[in-house]
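Colleague: Line by line, the protein sequences give chains G and S.
The first sequence maps to residues 1 to 192 in the numbering used here.
The second sequence maps to residues 193 to 384 in the numbering used here.
No lab work stands behind these hints, which were simulated from the structure alone.
Heads up, some of the hints might be wrong.
[Stated by the list, open to error] Here are the simulated distance ranges between beta carbons:
1) 74(G) to 322(S): 44 to 52 angstroms
2) 243(S) to 74(G): 48 to 56 angstroms
3) 322(S) to 55(G): 30 to 38 angstroms
4) 116(G) to 257(S): 26 to 34 angstroms
5) 272(S) to 99(G): 37 to 45 angstroms
This structure is a prediction, so every number in the text was calculated from the model and none was measured.
Every residue gets a Cβ at the ideal spot worked out from N, C-alpha and C, and that includes glycine.
Protein chains: 2
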Amino acid sequence: MNLSPMHQTFVLHFGEMGSRWGINRTVGQIYALLYLSARPLNADEICDSLGFSRSNVSMGLKELDSWNLIRLKHLPNDRRDHFTVPDDIWEIVRTLVEQRRKREIEPTLSMLRDVLVEKPSGKDEQFAQAKMHEMHDLIEMLTNWHTDMEKLETQRLVNLLKLGSKVYKLYEMKNNIRLLPGGKDKKKKDTR
Amino acid sequence: MNLSPMHQTFVLHFGEMGSRWGINRTVGQIYALLYLSARPLNADEICDSLGFSRSNVSMGLKELDSWNLIRLKHLPNDRRDHFTVPDDIWEIVRTLVEQRRKREIEPTLSMLRDVLVEKPSGKDEQFAQAKMHEMHDLIEMLTNWHTDMEKLETQRLVNLLKLGSKVYKLYEMKNNIRLLPGGKDKKKKDTR
DNA sequence: TACAAATTTCAGTAATTACTGAAATAACCG
DNA sequence: CGGTTATTTCAGTAATTACTGAAATTTGTA
Chain G
1 MNLSPMHQTF VLHFGEMGSR WGINRTVGQI YALLYLSARP LNADEICDSL
51 GFSRSNVSMG LKELDSWNLI RLKHLPNDRR DHFTVPDDIW EIVRTLVEQR
101 RKREIEPTLS MLRDVLVEKP SGKDEQFAQA KMHEMHDLIE MLTNWHTDME
151 KLETQRLVNL LKLGSKVYKL YEMKNNIRLL PGGKDKKKKD TR
Chain S
193 MNLSPMHQTF VLHFGEMGSR WGINRTVGQI YALLYLSARP LNADEICDSL
243 GFSRSNVSMG LKELDSWNLI RLKHLPNDRR DHFTVPDDIW EIVRTLVEQR
293 RKREIEPTLS MLRDVLVEKP SGKDEQFAQA KMHEMHDLIE MLTNWHTDME
343 KLETQRLVNL LKLGSKVYKL YEMKNNIRLL PGGKDKKKKD TR
């Protein structure tokens, strides 16, 4: 591996981290390298920097591409493919979340829906189905929330995140104002 | 494996999913089984249901325990350990997020902080450091947001999630009210 | 279309991770 | 204590996943 100590620390860390997410070391390292690079890199440069074989790098890039995490660039007078990550880190985050949703959440929801239409036979299945229902609803709620957040442009999303739970106070304020004249909401007496 | 088709579908799915998160098949399946069970199960029951060896189950339970995802129970007149998951699914979610934060986010932040105090030598390191800074700040922001959300009791959290981006409109409303008389905020003219 | 450069594929091998059974240890009970 | 049951550890093996080099394919160029 042929990198400055600073680069090396970062790259190795993301190699490690990759393993903890179903992504392998190579892929993690390639992405880390591209993330830190000021210019698009070609496959041979990646080989040199990380010490992987050409074919391994090729597969890693393919994997990253299937996650839609890298961008292919072509430089003038150079036939080789060059790769970058999106400039905007929020685009990266959005892609990551979107992909994990597609690959993990959607299949899970789909499996749950399938099982939930079956008729439970006996107490055990009834209990199990109730638990699956609970899980299904929770995941769906989080997914809906995410879909909704996804629509916000970045600056607004950031504002919202920075506000955090403070925003909840506004919500309660609004609710109280509405409630003052004797609104229709039921059981909202003490939400604290 | 000795399970109803319904249980089997769910258990196998979470075995699969486990692999995609650094968690292995055994661990995923054990957790799925416990999640669906109406009563605490002992290790031998888990062996029977899933067809793993006793030692494998023991290791799986140890792993789950290290994630704080299972609870040890003792039944009257039975020396054996019995295991459950928390009744409240939100407790499970909170634990999962908390643990991943501890195991993945914190080490990453710590690595980034270490690298960011070093003096960059040359353009490349300067660029790289800027990118790492950007990443650090983003992660920290998300972490702070999470810390904040964590404090909310579940019902409020659910309300907030269900509101989704609608809550942002309240925020803007509030801001506009403040701005009407000619507030001090700068450059907030058109946030849409 | 023929050649060269770039990239991908894939079979074989290396490395890692998962799993087992046997033995050791711990917990409980008379 | 001594015996019994429950649990964990761990060395060895099985299974899976990662990685390589050589060959095949694709892409671009004259």
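Colleague: All the hints need checking, so say for each whether the structure fits it.
Modeller: Going through the hints against the structure:
no.	hint	in the structure
1	74(G) to 322(S): 44 to 52 angstroms	violated, 25 angstroms
2	243(S) to 74(G): 48 to 56 angstroms	holds, 53 angstroms
3	322(S) to 55(G): 30 to 38 angstroms	holds, 33 angstroms
4	116(G) to 257(S): 26 to 34 angstroms	holds, 30 angstroms
5	272(S) to 99(G): 37 to 45 angstroms	holds, 43 angstroms
Hint 1 from the earlier list is the only one contradicted by this structure; the remaining hints agree with it.
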